[in-house]
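What follows is each chain in one-letter form.
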Amino acid sequence: MAQRSFGVSFGLLIALTASVLISTPAPARADDVGQIKVAKGAVHLERSGRKVPAPVGAKVQQGDVLVTGPDGSVGIIFLDASLLSVGPSSVLAIDRFVFDSTTNQGAFETSLKRGKLAAVSGKIAKQSPDAMKVRTPAAVLGVRGTEFLVRTIEPGD
Amino acid sequence: MRGLARAVALVLLALYGCATPAPEPKPAPVSKPARDDLIVLLPDPEGKAAALSVTHGADQRVLSAPYAAARIKEEGRLDTVDITPDEVNRVFGEVVAALPPRPVSFLLYFLEGKDQLTAESQQVVQQIFDEIKRRPAPEIVIIGHTDRVGTVPYNDALSLRRAEKVRDDLKNVLGIPAEQIQVAGRGEREPLVPTEDEVAEPRNRRVEISVR
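The listed protein sequences correspond, in order, to chains A and B. Here this note's numbering is used: the first residue of the first sequence is 1, the next is one more, and so on. Here this note's numbering is used: the first residue of the second sequence is 1, the next is one more, and so on.
The hints are simulated quantities; they were obtained by calculation from the structure and are not laboratory data. A virtual CB, placed ideally from N, CA and C, is assigned to each residue, including glycine. The hints are all genuine.
Keeping only pairs whose Cα atoms sit at most 25 Å apart, straight-line, the calculated DSS-like set for lysine-lysine is:
#, chain 1, residue 1, chain 2, residue 2
1, B, K171, B, K114
2, A, K113, A, K59
3, A, K51, A, K113
4, B, K171, B, K133
5, A, K59, B, K133
6, A, K133, B, K73
7, A, K133, A, K59
8, A, K40, A, K51
9, B, K165, B, K133
10, A, K40, A, K113
11, A, K113, A, K133
12, A, K59, A, K126
13, A, K40, B, K133
14, A, K59, A, K40
15, B, K73, A, K113
16, B, K114, B, K165
17, B, K171, A, K59
18, A, K133, B, K48
19, B, K48, A, K126
From the derived model, a few chain B residues whose C-beta atoms are all more than 10 Å from chain A:
#, residue
20, V81
21, T84
22, E112
23, E120
24, V124
25, V125
26, D169
27, P194
According to the in silico footprint, chain A covers these stretches of chain B (three or more CB under 8 Å from chain A):
#, segment
28, 33 to 40
29, 46 to 53
30, 90 to 101
31, 133 to 145
Bound-form chain B, shown alone (with noise of 0.2 Å):
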């Protein structure tokens, strides 16, 4: 009985709440988020000068140093804000983790005339190699380059082999497709040290692998 007292009790109390106006304001407005825009520009990794405008409307602000930063919290107010790299982290470390690692490249030397690696890049090139194998989905470009000893076509043919031998190796030692990777040779056309015809300069005799 005494329960059964109760639930009408509740009951009548629900009902009378209900003819009751709330004297609260409404709390839909509070649940929502309001607009909140926040744009933060980071330290350059390599300390060059880096800048970004951010326009709403009629204004606009240029961030330029680290960790500056841009807020819009409403319609037609465009703020600059500090925020610390703690908070960075805290906000954004999701989306900065899944950011794909840099595009990097590599330069391995040959011996005169030949398409066969230096004594000094034989011991890199496991290296190197083991650094593209790290990287998801790698796209490789594969330069060859001569010194200027020998004439034209003979280094645009012996650049090619150059970068052809390396691409071969990628192939067999990491199994890397063939259509992952580009090939192309340049001959004595781009010289890393600029000399006279006929000149053998072994920082010449190189392929740069670029990987992304």
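The following block holds chain A by itself, in its conformation from the complex (with noise of 0.2 Å):
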């Protein structure tokens, strides 16, 4: 049984190997994707119906929808370093965020119910071409990258 000594000392070396590797738990819970990073004026959080403080450091989840003041605007880093800025009296909802950190793959879709949306693309769009998307009212953007600008006005707003 040469093949089983090999086993036991190979899951040891792995043990040990991930003992050495992984020295600082994570800070982040699982349910975060991204943290603001910047605040300005009005702004707050609406999640699973409640109004949440958003100060910069404030982690983001999916499912989050964003709002600002008419004298607002916020600024997000995401787990797959695309960049996101709110600009004032807007609404921005985190539909879905989800992403392999090893493999890149992922996907990130956000709604621009209204105003302004500043992006930069990360590792998701950059892995998977259209894996992120951003919709309006009117429109659906396929993003390949990098760097857009998004307005919104509906009839009446």
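With the hints as a guide, bring both chains together as one complex.
Shown next as structure tokens:
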């Protein structure tokens, strides 16, 4: 049973390696998909129907809706290194964010319900063109890279 | 008396005015903005190919040149338009100003077999720390590497020690809380410059600091 001793020592090696390589627990919660880096004026998040403050340093999750007042703007860096910012009097929903940091595969979908958005796409769009999408009430954007701007004005807004 | 007469005249005029149907069209639709979506592709800062597809109903346009733009002003009409950088600044200045600084990474090099920086890296470490300090709510990942001198387990431990040394300096010098810093050691597994085993290569004795 030479196979077995190989298996055991190999397993031990993996365990040792893992204990060496993983020294600090990841600080982010599994649900967190990005962090607010810039916040100006009136800004908040809507999460599960509740209003949540959105200061610099706050984490953003899938399903969150960013809301800014007439003097508000907010900027976020996501886990795949994409950057988004939302201008004054805007509403942006983070509909879907899935990211595998090993393969860089994932999906990133947002909806700009009103207002203005600036975006710099990250690893998700680079790995899979069209895996990043932005919707407005009138249009769907497929992102192949890298920097773009969106404004949406609804009739009667 | 004159004042009163004028007031009465005004009231009569108002009543008369109300009773008469206004010949002008209703002003309501003019005061409400119509739909106006504007989508602009910006130049890629590294000059790489950039593109964006815009779909409106059954229509699709692909924007692929810097400052190519699409506009939807009414249902069923998707136009491509030209926009100048000045117009972009006017419409999008505030939102562009709110974009966070781009993620960056830095390399620091070490003396052979030690967790001590080379003289050259000691010269730039403060500059790198200052750049990290300028960033709002920095999230930091530090990954240590070694060259291929020594055993794999020895290099795993050494690479982690190097990364932890930089983390401790960041903590002590800048006061960045440890939970904002992730540390890992990759040993000799990911050389910057591939070499045979047991070859001393200063460029592989490094720590990479990624900040976002």
